[in-house]
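Protein chains in written order, with our numbering: chain L, 1 to 366; chain V, 1 to 464; chain X, 1 to 102.
Check before you lean on any hint, since a few could be wrong.
To be verified - Straight line, CA to CA, 30 Å or less: simulated DSBU-like cross-link-like pairs of lysine-lysine:
| id | chain 1 | residue 1 | chain 2 | residue 2 |
| --- | --- | --- | --- | --- |
| 1 | V | Lys358 | V | Lys204 |
| 2 | L | Lys222 | L | Lys26 |
| 3 | V | Lys97 | X | Lys15 |
| 4 | V | Lys52 | V | Lys358 |
| 5 | L | Lys114 | L | Lys141 |
| 6 | L | Lys109 | L | Lys133 |
| 7 | L | Lys218 | L | Lys26 |
| 8 | V | Lys52 | X | Lys15 |
| 9 | V | Lys97 | L | Lys141 |
It should be emphasised that the hints constitute simulated quantities derived from the structure, not laboratory data.
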Amino acid sequence: MEADYAIIGGGVVGLSVAWGLLKRGKRVIVIDGDDGAFRASRGNFGLVWVQSKGMNQPRYARWSQQSAAIWAEFAEELGDNTGHAVPLEQKGGYDLHFSEETLQETVEKYETLKAQLDGDYPYEVLGHNALRKEEPHIGPKVVGAILHHQDGHANPLRLLTALADDVRRMGGTVLNGKTVTDVTKPDGFHIQCSDGTVIGAAKVVLSAGLGAAELGPKLGFKAPIRPQRGQVLITEKLPKLINRPSLIARQVDEGGIQIGATNEEVGLNDRVTQPGLSGLAAEAIAAYPALARAQLVRSWGALRVLSPDGLPIYQESPQMPGAFLVTCHSGITLAAAHARLLPDWMERTDAAPDLEVFSETRFAIS
Amino acid sequence: MQQNDLIVIGAGPAGMAAATEATSHGLTVTLLDEQPRAGGQIYRDVDRVADKRGDILGKDFTYGRTLTGGLRASGTTHLTGAMVWSIEDGFRVSFTKDGRAAQITGSHILLATGALERPMPVPGWTLPGVMTAGAGQILLKQSGVLARRAVLVGSGPLLYLIAAQMVRAGTPPMALVETQTRGDMARAMRDIGGAMRGWPYLVKGVRMLATIIRARVPRYVGATDIAIEGRAQAEAVTFNVAGRAKRIACDTVLLHHGVVPNTQAARSLDVPHRWDDGQQCFVPELDTWGGTGVDGLFIAGDGAGIGGAKVAEMAGRIAAIRIAEAVGRLTVQQRDARAAPLLRSRASDNAIRPFLDKAYPAYQPALTPEDATIVCRCEEVTAGDIRRYAGLGCLGPNQTKAFGRPGMGPCQGRYCGLTVTALLAEANAQTPEQTGYYRIRPPLKPVTLGELAMMDTPEPDAAE
Amino acid sequence: MKPASPFLELEGNPKVPVTFDGDVFELPLGANLAAALLAAGVQVFRHTPVSGAPRAPFCMMGACFDCLVEIDGVVRQACMLEVTQGLCVSRPGTGEATDATE
Chain L
1 MEADYAIIGG GVVGLSVAWG LLKRGKRVIV IDGDDGAFRA SRGNFGLVWV
51 QSKGMNQPRY ARWSQQSAAI WAEFAEELGD NTGHAVPLEQ KGGYDLHFSE
101 ETLQETVEKY ETLKAQLDGD YPYEVLGHNA LRKEEPHIGP KVVGAILHHQ
151 DGHANPLRLL TALADDVRRM GGTVLNGKTV TDVTKPDGFH IQCSDGTVIG
201 AAKVVLSAGL GAAELGPKLG FKAPIRPQRG QVLITEKLPK LINRPSLIAR
251 QVDEGGIQIG ATNEEVGLND RVTQPGLSGL AAEAIAAYPA LARAQLVRSW
301 GALRVLSPDG LPIYQESPQM PGAFLVTCHS GITLAAAHAR LLPDWMERTD
351 AAPDLEVFSE TRFAIS
Chain V
1 MQQNDLIVIG AGPAGMAAAT EATSHGLTVT LLDEQPRAGG QIYRDVDRVA
51 DKRGDILGKD FTYGRTLTGG LRASGTTHLT GAMVWSIEDG FRVSFTKDGR
101 AAQITGSHIL LATGALERPM PVPGWTLPGV MTAGAGQILL KQSGVLARRA
151 VLVGSGPLLY LIAAQMVRAG TPPMALVETQ TRGDMARAMR DIGGAMRGWP
201 YLVKGVRMLA TIIRARVPRY VGATDIAIEG RAQAEAVTFN VAGRAKRIAC
251 DTVLLHHGVV PNTQAARSLD VPHRWDDGQQ CFVPELDTWG GTGVDGLFIA
301 GDGAGIGGAK VAEMAGRIAA IRIAEAVGRL TVQQRDARAA PLLRSRASDN
351 AIRPFLDKAY PAYQPALTPE DATIVCRCEE VTAGDIRRYA GLGCLGPNQT
401 KAFGRPGMGP CQGRYCGLTV TALLAEANAQ TPEQTGYYRI RPPLKPVTLG
451 ELAMMDTPEP DAAE
Chain X
1 MKPASPFLEL EGNPKVPVTF DGDVFELPLG ANLAAALLAA GVQVFRHTPV
51 SGAPRAPFCM MGACFDCLVE IDGVVRQACM LEVTQGLCVS RPGTGEATDA
101 TE
């Protein structure tokens, strides 16, 4: 099998890149794992989020903003192409605070970032009463919130499904149930799978989430990524209770309240724990007391794909030119950027975004 | 928190027998069961209703009092109305009782969570008035409530049992629409040797059929194209038999084509399961004693593979004896001596299964239903949807769940899991084993956020 | 008003008033709630949040979640509850979300 691009990893990141390349007329093969693989695309929180990102790296804040700004158009095109809408709401989102001090500290950081972004950081601070007008179910313990107007949320599973559908519709080949064991570059790239499949490609994109940690060095990447567990809860479907999303809770388009998420350094363990569930439930009830009566229907542990500084890595291999590492924690927020902007970077066109700050050379060799 | 030697989950025959046996060897045992009274589904509420309806329900039901009596006298801590929602390694069991969440710990766990009706997705099966045959029987057993105009649809001994009980209660079913064929019975005869070892079961089967025939309940055998009609409520069953279309107007439809192990709790603990071709379902991989690959975790009863109430009772005792040895209350010799007769009679009671599995096979069109039929009742996902997701590269149920939501509702896939696996296996030309099953995680049953939050004990923040 | 029920009750037990969706039914004290509502003629327990389709008890053993009803603002399985004096039951999602008092 031969292609212009072989994409290793068929999650939201890999499929977004594949979709963008297919739109440019490239021949693309996506190599995807099995049903039980660790898949951040199945476990993420579904925010299309700007605030709090890139507090120490304005380019990351800008990159998130760029993606958020073109997300609606991207979702609409996917919906039109597949006949299945990708629900998206970008009416702003909250950072909820339980103390005046943390609220004030965050505002100060946002002001610094706002200056670095030439003032393009549209947020406002809502006190408890102003917030209550927007969110009638907010609890008395919430002193206020930062409402950021560039924030929103999507249905990440509908995005995944639409991408899987549209990549095929556009002529992409997706191989499911594969495990890539080795990549070599005698002339073009040869990608070996555990079942004996060999795929040939002129270029390779490594977007295998946590799988990149093992495969990366074979392609000349450091790929210093680690898993971080986030436990997530979802309730039964409820009448409208929450208008705008926050990092604590959001009401998904199907009606359930999604509550997140823990940050746990527990390696490749994606189990759910009672203390994890209880802690998240307590915080959600503090924010929205009516949730005390809601039934928890599902919970899961998902593994974040984190670099040492939490920012994405976009890197072409110095040893194997034509191999690209694409990895990030925010595959949903950045899906539109990956689909629409990243192909220019791989193809080195004049429109290529400047992604220099996301090179993995920023990490010291350990 | 008190550490139990054994936590038993489920107060059916396996759980009651295990708790009674284990306490007799001096183990500290807590039994958790979600029903208000012991008995499980097979002996549901037997202490309250045996005197009222024992004649209708029969001796096999009233026998349950032996087990409930034994349990009461045993010194087991029996927590009724306790809905278990999480079991973690260690073992730590979280549950809700009387609107409050609580937790107990134990060094050993016995899962005795029984069986579920095999899902029978036929057109119209989500309509009010359509129930499992087991549900119809539970209504009769526990509540003395009987459907006035019911049609029984499917196959298997349970259909005959409930029909016979309805006859004895004076309200026979309007008809039995049976899906097994004469060919099935012919194939089953190859296993008649095993069936003869289980002759008391055959005798009971013949008696039940005689009761049904005497009451002139119409029987249709080899039915196909089964569907339930109705707008807001079941109004009729339609089917074909010997090439002729039939329609029976009714209010209640009771579906049954076998029962399958309830593996939810075992799967939440990552117990390996294998596909059982004879029973057409997944069963946990167990040793002779009911031990799983997870240290300290045992499974007994129908949850370990369908064997019925007597097998469950013996398996519960066998597991308890092994656990008593593990905690040092029995020597290996004492264990083996005590278990030997139980192991023998369990094997003898299990001997009829291959015959029954072949004589009353699952109704094939309900294993891989037509496109328009809903398979996931909670999220209303159709068989056609599942086939479409297979076409989008879904090889197993977990990616399918992400693509289309089957198994995401409150029942956690209990009534769609096997169907989704079967549909994907067929579409991808794989075996059910290769296709796999849903990853099951807590909560095993829904729990309110308020109950969860009450268990929140602030700890120093370890992670940033 | 008591609708005609497709179900027959074998015994008559002492009854207590229970409200279901605004109607008052006399149900046997201590009986299984789902069974008692069926016997009283309640045919539709809820409408699904996905399509609004009507549903009623299916498994009667706590596994299928089709008999969900709302009691004191909490959605629960009717087949796992018993009839108590003055119980007030509604179809889920028909009431307003209410804030917990604490």
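Exercise. Out of the numbered hints, which ones does the structure contradict?
Worked result: 4
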